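> Chain residues, written in single-letter form:
Protein chains: 2
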Amino acid sequence: MKFSRRITTMQASPIRKLVPYATKAKSEGKKVYHLNIGQPDIKTPQSFFDAVKNFNEEVLEYSFSQGMPELIDAIRDYYKNYNMDFDKDEILITNGGSEALMFAIIAIADAGDEIIAPEPFYTNYNGFASAVDVNILPITTKAEDGFHLPSKSEIENVITPRTRGIMLSNPGNPTGVVYTKEEIEMVASIAKEHNLFIIADEVYREFVYDGLEYTSFGNVKDVEDRVIIVDSVSKRYSACGARIGSIASKNKELMNQILKLCQGRLCVPTLEQVGAVELYKTDESYFEEVNQEYKKRRDIVYKKLSEIDGVVCKEPKGAFYVVAKLPVENAEDFVIWMLRDFDLNGETVMMAPAEGFYSTPGLGKDEVRLAYILNEDDLTKAMEVLKKGLETYINLNK
Amino acid sequence: MKFSRRITTMQASPIRKLVPYATKAKSEGKKVYHLNIGQPDIKTPQSFFDAVKNFNEEVLEYSFSQGMPELIDAIRDYYKNYNMDFDKDEILITNGGSEALMFAIIAIADAGDEIIAPEPFYTNYNGFASAVDVNILPITTKAEDGFHLPSKSEIENVITPRTRGIMLSNPGNPTGVVYTKEEIEMVASIAKEHNLFIIADEVYREFVYDGLEYTSFGNVKDVEDRVIIVDSVSKRYSACGARIGSIASKNKELMNQILKLCQGRLCVPTLEQVGAVELYKTDESYFEEVNQEYKKRRDIVYKKLSEIDGVVCKEPKGAFYVVAKLPVENAEDFVIWMLRDFDLNGETVMMAPAEGFYSTPGLGKDEVRLAYILNEDDLTKAMEVLKKGLETYINLNK
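Line by line, the protein sequences are chains A and B.
Numbering follows the UniProt record's numbering, in which position 304 of the first sequence is assigned residue number 304; successive positions increment by one, without gaps.
Numbering follows the UniProt record's numbering, in which position 185 of the second sequence is assigned residue number 185; successive positions increment by one, without gaps.
Think of the hints as simulated: they come from the structure by calculation, not from any bench.
If you're wondering where the values come from, they're calculated on a predicted model, not measured in any experiment.
Certain hints may be false.
Note that identical chains are pooled: a pair holds if it fits in a single copy or bridges any two copies.
No farther apart than 25 Å at their CA atoms in a straight line, the calculated lysine-lysine pairs in the PhoX-like style are these [claimed, not checked]:
#1 K181 x K281
#2 K53 x K43
#3 K281 x K53
#4 K398 x K181
#5 K17 x K152
#6 K295 x K2
#7 K221 x K2
#8 K24 x K252
#9 K296 x K31
#10 K381 x K24
#11 K2 x K260
#12 K2 x K152
#13 K17 x K88
#14 K17 x K250
#15 K142 x K152
#16 K365 x K303
#17 K250 x K303
#18 K24 x K303
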């Protein structure tokens with residue numbers, strides 16, 4: 001008996017593989033600050049829990065395959081605030097942004113087809129694609145450029161006759177980049193000229209700092225039928241455990257096709273949808289508060305990184321991540337060393353080595369991703385521990 | 001821009017495609033008895049809702065990719081009652097039985113590979129497989145045989161060098177067949193001799209009538225490393241909207257591979273798992289009561305079908321479905337006619353045409369699937385309406 005090639009060649013989660021080192025550190029009494037995962041500590045709006053608790057049916061029935069009409073309407077209203085106008089049949093509810101990405105990939109690409117994506121990218125892009133035999137071709141971006149996109153011709157060089165789409169997150173996970181209007185329009189023009197779909201992963205839409213302008217692919221003219229917007233309540237409302245996502249596209253025929261995938265898995269959980277309806281009614285003041293909080297955290301992380309000799313990193317402008325190039329040869333070795341061999345007054349820090357976010361072999365070897373999802377006090381301590389740890393490590397390896 | 005071949009060739013849900021006719025019938029004031037879908041009317045155990053209502057965390061966090069340890073333990077205990085002993089790492093929680101099936105298919109078959117399955121089969125087997133470019137090869141079974149399996153050699157004739165597994169539901173959806181111990185052992189021996197995995201969809205395990213012996217693939221010796229058990233709380237606890245399923249296998253390396261798929265989609269909803277833990281503690285008396293109820297319904301349906309001239313159907317022994325061959329040329333036409341043109345005192349019946357459950361072209365054209373998920377009174381009325389409708393239709397078409 002053999003397993004499929006596609007599953008055996010699938011990469012195990014690079015974010016989760018170092019967990020045993022953290023577990024061991026904790027069992028030895030160390031406090032570990034987790035900067036390695038994107039699990040925010042922000043409270044989920046109480047309205048979610050209230051709605052779930054008020055659910056009073058006696059039978060927990062299947063929901064509609066396309067999603068609950070109330071939730072679809074709530075999302076339509078949400079998009080209207082961003083000047084995007086979706087019909088009822090242009091939105092499908094999914095099991096998190098994850099299923100939305102998976103369905104979008106299946107719908108536009110056959111086995112052996114390709115999707116291009118700026119690297120470093122959300123590591124599960126690779127997982128979803130390889131599970132269904134689609135290849136992700138990377139467009140390399142660099143720490144020195146703040147991970148902004150390369151020129152149009154450099155992107156076009158990656159495209160082949162089997163390329164079906166371009167997939168990108170904006171604001172970016174893992175880089176925190178926020179693409180400029182010009183970059184978004186460049187991508188749109190490439191999609192038009194090369195007949196590609198755009199899978200726009202905009203789950204961090206509200207997490208943009210410094211008053212920067214944000215351009216959604218949903219606001220770009222002339223590519224409406226090519227744009228597939230992937231969204232989720234996970235980060236927006238700190239409701240990662242709800243697993244409620246969505247796909248939105250003005251391409252009705254595409255949505256009809258994806259509906260077949262939705263029907264295949266019957267529906268998304270009923271209770272989580274009931275709760276999510278209320279999330280979408282959350283007052284805008286919630287985002288302002290959360291945004292302020294993340295901005296403060298971003299400032300703490302970026303300021304400390306800037307103080308460390310040899311670290312390369314531009315100020316991240318969105319999401320709650322930053323990828324930093326460290327003055328070490330192998331960032332994974334450093335991350336393990338921090339957990340196994342280092343502590344500052346009994347405390348250490350866990351980060352995600354960035355190599356797993358690249359698909360070009362060797363790239364990102366000296367980089368880490370930090371998620372700033374701790375409160376200010378903890379984050380300040382964590383960054384001090386990281387600074388001291390890095391200095392000690394560099395001295396040891398001189 | 002083109003869509004993928006795999007999505008365009010995927011069949012739309014045959015169970016759901018006639019819904020517009022039912023909607024129209026209702027808008028005209030007809031009462032429609034739904035025998036077309038497997039949504040039970042049995043109450044979900046209150047313990048599920050209580051557990052969800054008692055959830056008191058402030059942040060709805062990601063759960064573990066493999067599933068909540070408490071839920072995995074609860075499922076291990078459940079299986080122990082059936083003399084199956086699974087380690088913690090031999091069970092993974094999934095988004096319903098649907099995701100369990102999808103992950104099992106991806107793990108054992110590459111694009112172009114095959115899985116064999118007795119037809120008529122659960123229609124979404126085809127959907128899951130074609131979404132990931134796997135072909136389902138049918139082993140035809142017949143109404144006249146009560147949909148029991150054909151001989152060993154007939155099954156072996158279907159196998160090719162690209163066949164990776166055999167997938168079957170027991171008790172069977174859509175047929176209500178319960179395979180004998182001999183049939184299960186025959187399938188196991190075929191799997192061994194031809195080096196195949198067995199995807200055992202046993203979500204209706206408790207729904208077996210007339211004191212019949214039930215044999216799970218989890219109790220067959222010598223094939224432990226080939227058996228992948230797909231399970232779900234949907235029907236067992238009438239909790240279809242929870243979307244909690246699982247995969248269990250003694251093949252640890254397989255489970256390690258599937259864990260990568262689980263990590264890719266991060267986790268299953270937290271609250272639904274919290275509720276499901278309690279479901280698995282439901283007292284056995286619940287099953288006895290539910291079982292009695294379904295047996296009564298089965299008797300109503302089967303008795304009435306037996307009274308109608310020209311209907312071919314053996315007494316179904318499990319699940320809550322029956323496939324009946326009707327004395328009509330085209331069952332879909334008849335189903336539509338029942339909704340559009342017929343009523344008995346303002347009432348009519350909706351059924352699922354069975355053709356969509358077959359993959360051999362032309363088979364099942366004169367068959368329907370009935371789900372007996374209504375209370376006795378309604379079901380008795382529904383079957384009377386069906387009998388009168390069928391008699392009228394036959395007379396009209398003489």
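> Evaluate each hint against the coordinates.
Consistency of the hints with the structure:
1. For the identical chains of this complex, K181 and K281 are neighbours neither inside a copy (28 Å) nor across copies (55 Å), given an alpha-carbon limit of 25 Å.
2. Taking the shortest alpha-carbon separations for K53 and K43, both the intra-copy value of 17 Å and the inter-copy value of 17 Å come in at or below 25 Å.
3. Taking the shortest alpha-carbon separations for K281 and K53, both the intra-copy value of 17 Å and the inter-copy value of 21 Å come in at or below 25 Å.
4. In this assembly of identical chains, K398 and K181 lie within 25 Å of each other by CA distance neither inside one copy nor across copies; the values are 44 Å within and 69 Å between.
5. In this homomeric assembly, K17 and K152 never come within 25 Å of each other (Cα to Cα): the closest approach is 36 Å inside a single copy and 45 Å across copies.
6. In this assembly of identical chains, K295 and K2 lie within 25 Å of each other by CA distance neither inside one copy nor across copies; the values are 49 Å within and 41 Å between.
7. With identical chains, the CA atoms of K221 and K2 are at most 25 Å apart between copies only, with a shortest distance of 20 Å across copies and 48 Å within one.
8. Only between protomers do K24 and K252 lie at most 25 Å apart by alpha-carbon distance; the minimum there is 23 Å, versus 51 Å within a single protomer.
9. For a Cα distance limit of 25 Å, the shortest separation of K296 from K31 inside one copy, 23 Å, qualifies, whereas the shortest one across copies, 60 Å, does not.
10. With identical chains, the CA atoms of K381 and K24 are at most 25 Å apart within one copy only, with a shortest distance of 21 Å there and 65 Å across copies.
11. Within a single copy, K2 and K260 get their C-alpha atoms only as close as 30 Å, which misses the 25 Å cut-off; across copies the closest is 17 Å, which meets it.
12. Taking CA atoms no more than 25 Å apart as the test, K2 paired with K152 passes between copies only; the shortest distance there is 23 Å, against 43 Å inside one copy.
13. Within a single copy, K17 and K88 get their C-alpha atoms only as close as 41 Å, which misses the 25 Å cut-off; across copies the closest is 19 Å, which meets it.
14. Proximity of K17 to K250 under the C-alpha cut-off of 25 Å is restricted to the inter-copy arrangement: shortest distance 23 Å between copies versus 39 Å within a copy.
15. Taking CA atoms no more than 25 Å apart as the test, K142 paired with K152 passes inside one copy only; the shortest distance there is 16 Å, against 60 Å between copies.
16. Only within a single protomer do K365 and K303 lie at most 25 Å apart by alpha-carbon distance; the minimum there is 23 Å, versus 70 Å between protomers.
17. In this homomeric assembly, K250 and K303 never come within 25 Å of each other (Cα to Cα): the closest approach is 42 Å inside a single copy and 51 Å across copies.
18. In this assembly of identical chains, K24 and K303 lie within 25 Å of each other by CA distance neither inside one copy nor across copies; the values are 30 Å within and 64 Å between.
Hints 1, 4, 5, 6, 17 and 18, counting from the list given before, are not met by this structure.
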